[in-house]
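*Asks:* Sequence:
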Amino acid sequence: MNKIKHIPPSHIVLSGGGMKCLSYVGAFQELEERGMLKNVNQFTGVSAGAFMAFIYTIGYTLKDISNITKLLDFSTVQNIDDDILLNGFLNFGIDNGSNLEKFIESILKHKGYNRELTFQQLYNIKKITLRFYSTNLNEGILKEFSVHTTPNTNILFALRATMSVPGYFTPLIEKETNHYYVDGALLNNYPITLINDTNVLGLAFDYTVNSIEKIESIQSYFYQLINCLYDKLEQIPSHYKDKTIYIKCDVSMINFFLSGKERVELIETGRKAVKQYLESYSKNIIRRNSI
Numbered sequence: 001m002n003k004i005k006h007i008p009p010s011h012i013v014l015s016g017g018g019m020k021c022l023s024y025v026g027a028f029q030e031l032e033e034r035g036m037l038k039n040v041n042q043f044t045g046v047s048a049g050a051f052m053a054f055i056y057t058i059g060y061t062l063k064d065i066s067n068i069t070k071l072l073d074f075s076t077v078q079n080i081d082d083d084i085l086l087n088g089f090l091n092f093g094i095d096n097g098s099n100l101e102k103f104i105e106s107i108l109k110h111k112g113y114n115r116e117l118t119f120q121q122l123y124n125i126k127k128i129t130l131r132f133y134s135t136n137l138n139e140g141i142l143k144e145f146s147v148h149t150t151p152n153t154n155i156l157f158a159l160r161a162t163m164s165v166p167g168y169f170t171p172l173i174e175k176e177t178n179h180y181y182v183d184g185a186l187l188n189n190y191p192i193t194l195i196n197d198t199n200v201l202g203l204a205f206d207y208t209v210n211s212i213e214k215i216e217s218i219q220s221y222f223y224q225l226i227n228c229l230y231d232k233l234e235q236i237p238s239h240y241k242d243k244t245i246y247i248k249c250d251v252s253m254i255n256f257f258l259s260g261k262e263r264v265e266l267i268e269t270g271r272k273a274v275k276q277y278l279e280s281y282s283k284n285i286i287r288r289n290s291i
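Reminder that position 263 of the sequence shown reads as 263 in the numbering used here, one-by-one numbering, no gaps.
Please note: incorrect hints may appear among the correct ones.
Said to hold, decoys possible - Here are the simulated BS3-like pairs of lysine-lysine, each with C-alpha atoms no more than 30 Å apart in a straight line:
1. LYS111 / LYS175
2. LYS248 / LYS272
3. LYS70 / LYS272
4. LYS214 / LYS261
5. LYS111 / LYS143
6. LYS275 / LYS175
7. LYS63 / LYS248
8. LYS175 / LYS38
9. LYS175 / LYS214
10. LYS143 / LYS109
11. LYS126 / LYS38
12. LYS111 / LYS126
13. LYS214 / LYS63
14. LYS214 / LYS248
Everything labelled a hint here was simulated from the structure, so no lab data went into it.
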């Protein structure tokens, strides 16, 4: 019976996926409507998965998040100009992340928080544990940011670190050590294997790499490079698969120009994935009880 103790969950794990993570909005909506989020007191996330955990935890409703998802011009989160492109290889990225930081800061400010909000401060207010993972390139290790390991670290810093897709965003440099931090997905895009909790439920992506006829720009080059990389990273051990909701999204992780229709479709894709998972889960319960 151990395999079915994770419903309803107390811990949600969210894999990285860039723009694919817009589908998490629909997944959360379906989970919330079914009462599946009422016991959650911990979120673990990587990259955009960490951002979803963050924005939900600080008090945005799913209606709020859905509106942001549908209406935000995501190109405003980019910061690519000629100088950055020309110095991309010197800076180890083509986007310095300054607009991403401003966006996160505005999200914090709207809920009454400032950019210095720490993991400890948020936990004291919300009583919810957040765990974000980033890759420390200097040491070649996965770094956990949480109230347990880095209580006095700014959440903004941790988000910027875990969302630094290698090659696209410039690495985040820690002032104290001068160490470089990039997307945690480089070492573990779906850290459910690091969670010792029977009541855990994860959301991850079924990656497929679409072939393209021509690579004609620096952006299309990075689109395909990153898609190929993450296709290999999403390796989930078999004993965690029954605790994982798979979402199939045929969009690029860094396609910031999705149409309104495509965004709505992504949200619906997340909803459908949860429905399918819970239907399968219910059938397994009935099957086990009949044996």
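*Asks:* Compare the structure with each hint and give your call.
*Replies:* Evaluation of the provided hints:
The hinted pair formed by LYS111 and LYS175 meets the criterion: a straight-line CA distance of about 28 Å does not exceed 30 Å. The suggested pairing of LYS248 with LYS272 holds, with an alpha-carbon distance near 10 Å, which does not exceed 30 Å. Taken as a hint, the LYS70 and LYS272 pair is honoured in the structure, with Cα atoms around 18 Å apart against an allowance of 30 Å. Pair hint LYS214 plus LYS261 holds up; C-alpha atoms about 25 Å apart against a cutoff of 30 Å.
Taking the CA atoms of LYS111 and LYS143, the gap is about 27 Å. The hint holds against a cut of 30 Å. For the given pair, LYS275 sits about 45 Å from LYS175 by alpha-carbon distance, which is inconsistent with the 30 Å threshold. Annotation: proposed proximity of LYS63 to LYS248 holds, straight-line Cα distance about 23 Å (limit 30 Å). Proposed proximity of LYS175 and LYS38 is contradicted: the alpha carbons are some 39 Å apart, above 30 Å.
About 40 Å separates the Cα atoms of LYS175 and LYS214, which puts this hinted pair outside 30 Å; it is violated. Of the pairs offered as hints, the one joining LYS143 and LYS109 holds, with about 26 Å between alpha carbons and a cut-off of 30 Å not exceeded. Proximity of LYS126 to LYS38 is assessed by CA-CA distance (about 14 Å); at most 30 Å being required, the pair is judged to hold. With a CA separation close to 13 Å, the supplied pair LYS111 and LYS126 stays within the 30 Å bound.
Pair hint LYS214 plus LYS63 does not hold up; C-alpha atoms about 39 Å apart against a cutoff of 30 Å. Among the hinted pairs, LYS214 with LYS248 is consistent with the structure: their alpha-carbon atoms are about 24 Å apart, no more than 30 Å.
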